[in-house]
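**Student:** In case you want the letters, here they are:
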Amino acid sequence: MLWKNTRNEWIKITSKIRSYLGIGALTVLIVVVQVALKADGGSFISYVTASFEQTLSFNGKILNGNLVAFIVLQMLIVHVPLLIALVTGDLLSGEEAAGTIRMLATKPISRTQIVLSKWIAAALYTFVMTAWLAFLSLVVGKFIFGEGDLIVLNSSGLNIIASDDLPWRFALSMLIAFLALLTVSTLSLCFSAFAKNSVGPIVATMAVIILFTIIGTLDVTVFDAIKPYMFTTHMAAWRSVFEVPLPWDAVWESIVVLLVHIVVLLGITILRFNKKDITS
Amino acid sequence: MILRLSLFVFLALAHANFAQTSEELLKGVILKINSVKDYKADISIKAEIPFVKVPIAKATLYFKQKDKFKVVSKGIAILPKQGISDLTSFLSNESKYTSLLGDSKTIGDIKTKLVTVIPNGENNEIILAKVYIDPTESLIYRTVLTTKESGTVTVDYTYGQNKKYGLPNKMTFSVDVKKFKMPKSVASDIRNSEKKTKDKKENKGVITITVIGYEVNKGISDDTFKKD
Amino acid sequence: MALISVSNLSKSFGNFKAVKNVSFEVREGDVFGFLGPNGAGKSTTIRCLLSLIKPSGGEIEFFNQNLASNRNAVLSKVGCIIEKPDFYKYLSAYKNLEIFGRISGKDLSKMEIYKFLDFVGLTGREKDKVSGFSHGMKQRLGIAQTLMHDPDIIILDEPTTGLDPQGIIEVRNLILRLRDEQNKTVLLSSHQLSEIEIIANRMVIINKGETIVEGSVQELLEKQSLNLQINVMNESIFESTLLQSFPELKYHKVYPHNYHVEMVSDTSAQLNEKLVNAGAGVKSIVPKRSLEDFFIKMTEK
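From first to last, the protein sequence lines stand for chains P, Y and R.
Just so you know, my numbering puts 72 at position 72 of the first sequence, and the rest follows in order with no gaps.
Just so you know, my numbering puts 94 at position 94 of the second sequence, and the rest follows in order with no gaps.
Just so you know, my numbering puts 124 at position 124 of the third sequence, and the rest follows in order with no gaps.
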């Protein structure tokens with residue numbers, strides 16, 4: 001019954017116009033960024049290499065598909081949660097608002113299975129969004145800008161990663177990005193179990209992300225103790241994969257923190273939905 | 001560019017006279033440079049620079065007299081800059097600088113003579129160049145360049161089977177990195193602070209260029225040097 | 001055999017007791033009326049029966065199985081519409097039935113779905129999105145949805161609310177067809193006695209969360225006397241005819257030319273004949289079951 005309802009949930013998601021808004025917005029944004037980089041990629045590169053150019057010269061194709069993909073991911077991965085929450089924040093509350101929750105909850109399927117099937121469908125949608133993001137940024141980026149080594153500026157300095165060392169790094173980074181986005185999906189699904197309309201969970205999800213991000217960037221020692229446990233801190237963990245050497249400990253820590261968030265939030269959702277009196 | 005200078009200097013190897021004046025030592029080096037009309041070299045570049053992590057890169061160097069020079073790499077290759085290109089033509093024009101003969105110094109097993117080169121005007125990027133020349137083979141074994149913008153770069157040269165052309169098989173560049181400034185907030189991760197502390201201690205970068213093979217005086221089309 | 005057995009069901013929302021010790025039984029083959037005014041606790045009780053709301057106390061059994069511990073098994077044999085049937089508006093009628101069918105415990109073929117759409121008169125509209133459906137059409141689609149998995153019990157909560165007269169008749173006829181053609185047991189909630197009288201064989205009346213009366217509709221009706229509301233032109237002829245021909249009848253004047261007459265057995269036809277022959281000028285005789293009075297009296301308390 002779980003998989004049957006998961007199939008139903010997927011049909012519902014793919015039949016709603018709002019599900020395509022995210023994909024459409026993502027497509028437009030990526031194309032805009034790629035066109036902008038095609039037109040004026042040099043200034044972006046000089047920003048990255050500026051502090052080194054007095055002493056070193058960089059030979060080879062710096063502005064390539066891999067760099068463009070990295071730039072696109074860095075710019076857009078912050079905005080994807082909103083697009084995903086638009087769909088996943090509606091999964092339970094939307095049924096409540098439309099009244100279909102009565103029909104659904106009187107079928108011979110347990111409430112736990114209802115939540116799980118919605119979560120699986122949400123995860124699938126999140127995966128599709130992540131894969132679409134990766135496809136557009138990487139495949140289309142390479143088509144337009146060609147192959148090449150990746151030059152990345154991060155907190156430890158400048159990393160140059162050979163192009164043949166990149167496919168697995170992109171795959172792993174997308175997996176971590178997927179986990180981060182799935183945390184957002186699960187959070188919005190959790191809020192959705194507490195709400196009776198779609199707007200509330202979406203707004204609440206974004207509010208939490210913004211609040212946590214602000215706390216994460218504040219240099220206040222009071223917050224230092226909680227920062228490593230906030231999921232927003234680990235939403236940028238996908239970038240760590242492009243550090244040399246790869247900080248495996250930090251990557252694993254991020255994966256574990258995100259997984260713990262997902263499990264706890266899903267648990268709360270199941271508990272809440274099981275205890276909920278459907279009175280709408 | 002430093003590479004360009006280095007190769008230029010090494011091409012001037014062959015004169016094995018016992019030049020005693022700085023001008024004669026430099027002349028010997030320049031003559032060796034001129035014996036190589038063109039060459040193509042497959043190289044590997046290993047860069048160990050604070051704040052920069054880069055894999056060993058493969059590239060091909062093309063050189064053609066008088067000043068055509070190009071590096072072609074499949075990936076991204078980092079090479080030293082340091083305004084050395086100016087020095088190549090600079091050394092050829094004796095009126096532009098004053099050279100002084102310095103002390104002898106043994107580099108490895110080689111006894112060298114130090115020639116200090118000082119520009120005559122103030123408009124040069126190079127403030128001071130110290131060139132350590134083996135007077136018996138007219139080979140440069142070390143250069144120390146001080147520039148206005150880029151600090152000091154030291155290059156050590158090792159020779160192999162292309163010694164006769166003055167072409168080294170290994171060049172080790174030591175560059176000054178104290179002027180690197182990291183843009184703030186380029187990445188937000190929880191490990192920032194510990195890394196910054198660690199990296200602050202380092203201020204020298206080393207770039208090693210190893211030549212895998214040369215093709216000397218085989219003729220290179222001018223098209224090779226056209227910009228991509 | 002009792003297909004549904006509810007004993008001492010209660011439900012509180014905070015301090016508010018919505019249902020207090022309600023008990024009743026629905027037997028196989030019943031069209032069971034669940035009657036009460038708005039806010040009596042009907043919807044809460046029905047939602048408890050369908051596990052939408054967790055009861056605060058009491059027992060609910062379907063087919064002699066406890067609902068709480070056999071939820072999925074029980075619900076696979078129950079079809080329902082709660083208040084109004086809400087469907088996924090962005091999906092077609094067919095797609096909605098396919099989705100609900102898939103989780104109702106029975107995999108339906110395309111032909112079977114079309115058969116149910118035909119049963120409720122929605123042939124030709126199967127590919128239309130539900131957003132374009134009228135309330136009546138949704139109600140009929142709702143009934144198709146309740147029937148898809150061939151349930152033994154159908155629970156309908158206020159199924160005629162919001163329907164136009166034509167829609168009400170259609171839904172009533174559908175319920176009677178369910179009983180007569182498909183031998184379904186139906187639990188039907190309503191706040192209108194007239195509706196229950198027409199289609200139910202047994203019923204329970206609840207008010208303010210409590211059971212008022214339960215039994216056969218026929219028996220309950222028979223227990224109650226029949227009241228007539230008579231409007232006449234000549235008051236004296238009316239009163240003298242009643243005194244002479246029907247001395248056993250109690251009557252009182254409600255307002256000028258209007259009388260309330262209480263009967264033990266239905267002799268309204270004879271009374272009408274006598275009054276007409278005597279020249280009382282009968283303008284109207286409106287029968288009024290005392291059950292309705294009883295219902296109103298009890299639910300107004």
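No lab work stands behind these hints, which were simulated from the structure alone.
Don't be surprised by glycine CBs; every beta carbon is placed ideally from N, CA and C.
Incorrect hints may appear among the rest.
Said to hold, decoys possible - Here are some chain P residues pointing at chain Y (derived, C-beta under 8 Å):
#1 D40
#2 S43
#3 Q54
#4 T55
#5 S57
#6 N59
#7 I144
#8 G148
#9 L158
#10 A162
#11 S163
As the list claims (entries may be wrong) - Covered stretches of chain R, going by a simulated chain P footprint (3 or more residues, C-beta under 8 Å):
#12 34-41
#13 62-73
#14 95-101
#15 175-181
What the hints assert, rightly or not - One-sided excerpt, in silico: chain P residues whose CB lies under 10 Å from chain Y:
#16 N64
#17 D164
#18 W168
**Student:** It remains to establish, for every hint, whether it holds in the given structure.
**Tutor:** Verification of the supplied hints:
no.: 1; hint: D40; result: violated (18 Å)
no.: 2; hint: S43; result: violated (14 Å)
no.: 3; hint: Q54; result: holds (5 Å)
no.: 4; hint: T55; result: holds (5 Å)
no.: 5; hint: S57; result: holds (5 Å)
no.: 6; hint: N59; result: holds (4 Å)
no.: 7; hint: I144; result: violated (17 Å)
no.: 8; hint: G148; result: holds (7 Å)
no.: 9; hint: L158; result: holds (5 Å)
no.: 10; hint: A162; result: holds (5 Å)
no.: 11; hint: S163; result: holds (6 Å)
no.: 12; hint: 34-41; result: violated (count 0)
no.: 13; hint: 62-73; result: holds (count 3)
no.: 14; hint: 95-101; result: holds (count 3)
no.: 15; hint: 175-181; result: violated (count 0)
no.: 16; hint: N64; result: holds (9 Å)
no.: 17; hint: D164; result: holds (9 Å)
no.: 18; hint: W168; result: violated (15 Å)
Hint check: violations occur at hints 1, 2, 7, 12, 15, 18; the rest are consistent with the structure.
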